[in-house]
Amino acid sequence: MNDQTIPPAAERAAALQGLGSSRKRVEDARFTQGKGNYVDDIKLPGMLFGDFARSSHGHARIKSINKEAALAVPGVIAVLTAEDLKPLNLHYMPTLAGDVQAVLADEKVLFQNQEIAFVVAEDRYAAADGVELIEVEYEELPALVDPFKAMDDDAPLLREDIKDKMDGAHGPRKHYNHIFYWEEGDKEGTDKALAESDVVVEELITYPRCHPSPIETCGCVASMDKINGKLTIWGTFQAPHAVRTVASLITNIAEHNIRIVSPDIGGGFGNKVGVYPGYICAAVASIVTGVPVKWIEDKIENLTATAFARDYHMTGKIGATKDGKITALSCNVLADHGAFDACADPTQFPAGFFSICTGSYDIPVAHCGVDGVYTNKAPGGVAYRCSFRVTEAAYMIERMIDILARKMDMDPAELRMKNFIKKEQFPYTSALGWEYDSGDYHTAMEKAMETVGYKALRAEQVENRAAFARGETRALMGVGVAFFTEIVGAGPVKNCDILGLGMFDSCEIRIHPTGSAIARVGTISQGQGHATTFPQILASEIGLPAEDITVEEGDTDTAPYGLGTYGSRTTPVAGAAAAMAGRKIRAKAQMIAAYLLEVHDGDLEWDVDRFQVKGNPEKFKTMKELAFAAYSQAIPGIEPGLEAVSYYDPPNMTYPFGAYICVVDVDVDTGVVDVRRFYALDDCGTRINPMIIEGQVHGGLTEALAIAMGQEISYDAMGNVKGGSLMDYYLPTAVETPVWETDHTVTPSPHHPIGAKGVGESPNVGGVPAFSNAVNDAFAHLGLTHTQMPHDHWRVWQTAQRLGVTG
Amino acid sequence: MPTLNTRVNGTSVSKQIEASTLLVDLLRDQLHLTGTHVGCDTSQCGACVVHLDGRAVKSCTVLALQAEGRDVTTIENLAAADGTLHPLQEAFRKHHALQCGFCTPGMLMACAALLDDNPDPSEAEVRAGLEGNICRCTGYQNIVSAVRDAAKQMRA
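For the protein sequence lines, the chains are A and B, in the order given. The first sequence finishes on residue 806 if you use numbering that gives the first Met the number 0, and the numbering steps up by one all the way, no holes. The second sequence finishes on residue 155 if you use numbering that gives the first Met the number 0, and the numbering steps up by one all the way, no holes.
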């Protein structure tokens, strides 16, 4: 019956464009022609527009709010304040970190640009005019800006709403501005090992407050249909299902009467994980007015009021034997969480996965502790293109290793090689309790060093320093080495949840009779190319061409429940769910094939796109044929149709790693740091689409460049945010961005169905220490131990001046 | 309210508008051309770039009335009338020069204007020419490759 010549397996596999194919993206046709559908593109009949009046002070008591003038503006329909939300019990909302956050300021403002009133108008111009006319009378209070003063006896009391609640979401609070203390490891053992070490170095490493700043800001359109009682919210949500459940819990609207839709999202990078007052106010305004209400923040609001990242002050201490074997690590962190603890971490991890801070090294004993405190700054603490505080941890350990190397007069790459976890030690349980799934660090590091010509670079640096000393050059060469291990793919339901929701993910596949398919997943793309890569996973599993598989995600009415896209979890968790759902499809198809070919199903074997009879490959049924049979034939004992769903609870996290090397030339007279070369070797396990991986690495490295070289959301002593627009906040353009060299090794995850580990966030995690180590290295021979980020021109010049080498 | 007479993507538009209306809002809210995006409001990001008489402008910083008697071209009109994509659109896909797609329309319009001025730009000239457009996803490398490849196609 199959009388045509069968193309070779390799040829058939290539035609599927499955795993490993640099398939071009299906999303691009829309995006390059202006046919994307972002939230601000949604326009509904009668839709109103909301805008916030915000606090001009960092800390003040609100004496009065006068909305009369605003209400008199033509086109202004309503103005909401905390007083309007109180009867609905919506003036506070739960945060993802177990705290509550004011939706509209209740009696006090706690950070500049905090939401005070929500003006609803016929268009955004009228709303903006109304916002200008909201009159707020304040009584200024002393602002708390320095987190190191937060727990002083005379520190200003910030959170009056919880001042008597000394038992916080993560244990007892030590002070009215204290949020939690969290620790991991063996403190006594670590202190003892450090005391007995031949060499100990200690340093305060600050990771400044920065902001993910996607080009598209946050926003939503809320529409309450009073006829059928259904509330629909389209919004920039990285986790639409979780938003639905939280919305149901806080509004008491039944969950089936809430539909959350994430349309195209213009970048997220963690910024769009949190729940913001704008979502609540737009929903309330729609319920009150009976028409849809849109809220879109502008860039200044985005930078100053929605979730920041980092702001970790980390005191690292590392000990070693005299020949450079690390003996112990301790790290104490002061975490500035702003006015409300709105960190987006799994519930049991108030400091995220910071305890990955032992990095890529076989450290026998370690301890870390994190104190979270309130200050008069914007709330947040999201993972800016990283998995829950992993980038902070990687930055700390990678700086500390360099500082130790400097102290011991050892080469930083050599010190790393000496202390790496060895290939044969995997699966490896770290001193702080994580089970690293797989790795081959020495191979990666050796490949990186060989590719860049590391020894020659160091020799060149010796020459450069001599030439600098002779006055022949004003530029100092720095070589930055970083080797990172990430922990991504949150996570196992046994210990990972967000507000009680287990962090599994899901995929549902429906094969159509003619052999094409639709796959729905619990995640949502913000540029990662899910519509392109999920079909590649499935193509390899079920033998249908990737181009015949549509992906749909982001609509809670149709997609299976999942926890969304952040923390590099899509491939490790939803990607695994897709593979497992594909295998269910294949299992059913095998039964159908056995019936059609009149053999026992055990006599069949899978071959790329078909089941064939073992030893007789001429006798086969393709998946396309089997799909049609599933819908057209009565097969005894088998239900019609071909569908499957998988909810995947990962047994462990995945641990991508990489070796990055950066070469800079620092002009000591201007402080300008020229990135001469940047080489990034990533090992993300099995590679699904190399083109997309490379794109992710380019983008992540550019974000790392931004963070290391210029990004900071800082505040003056009054709590005024400095640099809250793109006039000041550094987003690199094509001019400052260097050329990236990418490379890879492949060490599959042993527990993931296709061995993939996730890659999107690795370059941010590994890139920041590589840049910072390079800048620090440029001055190391002059006695510099550590200089804080960001390494902008002004700070670098100051460092040069302090070291006495400016002109 | 003043009346604006302009041409958008080759079609005459005559509309009464508030004098304060920004060009980007006219395009997006009144003419339903939502391919042009707003990213920053302060003329940094370039997501709103359109052509005014063939020159790239940031439409978030141009009053709609400034388009009086002039030609406005948006991303929706970059492909040919028969649907054939502009070489830049093809090259962006081929070189993976976009991810989330939000900056892409402005980026493409800036690139098109750049190639009008300089049909054979060096890598440094492409980078300098795109200084007014921010992309948070791609790291620019593939955008530069795409622009130079498109330039080559257009010269052929």
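Quick caveat, the hints were computed from the structure, so don't treat them as lab data. Glycine included, C-beta positions come from ideal geometry on N, C-alpha and C. Do not take every clue at face value.
What follows is a set of in silico ranges between Cβ atoms, one per label pair, in the way DEER data are often shown [stated by the list, open to error]:
{"id": "1", "chain 1": "B", "residue 1": "E124", "chain 2": "A", "residue 2": "I226", "range": "52 to 62 Å"}
{"id": "2", "chain 1": "A", "residue 1": "K493", "chain 2": "B", "residue 2": "E124", "range": "47 to 57 Å"}
{"id": "3", "chain 1": "B", "residue 1": "G9", "chain 2": "A", "residue 2": "Q347", "range": "29 to 39 Å"}
Subject to a maximum C-alpha distance of 20 Å in a straight line, what follows is the list of computed PhoX-like cross-link-like pairs (lysine-lysine) [unchecked claim]:
{"id": "4", "chain 1": "A", "residue 1": "K23", "chain 2": "B", "residue 2": "K14"}
{"id": "5", "chain 1": "A", "residue 1": "K324", "chain 2": "A", "residue 2": "K225"}
{"id": "6", "chain 1": "B", "residue 1": "K93", "chain 2": "B", "residue 2": "K151"}
{"id": "7", "chain 1": "A", "residue 1": "K454", "chain 2": "A", "residue 2": "K422"}
{"id": "8", "chain 1": "A", "residue 1": "K162", "chain 2": "A", "residue 2": "K148"}
{"id": "9", "chain 1": "B", "residue 1": "K151", "chain 2": "A", "residue 2": "K34"}
Per the computed footprint, the stretches of chain A lying under chain B, defined by three or more beta-carbons under 8 Å from a beta-carbon of chain B, are [claimed, not checked]:
{"id": "10", "stretch": "19-33"}
{"id": "11", "stretch": "213-223"}
{"id": "12", "stretch": "290-304"}
{"id": "13", "stretch": "685-694"}
Would you pick out the hints that fail for this structure and give their numbers low to high?
3, 4, 5, 7 and 9
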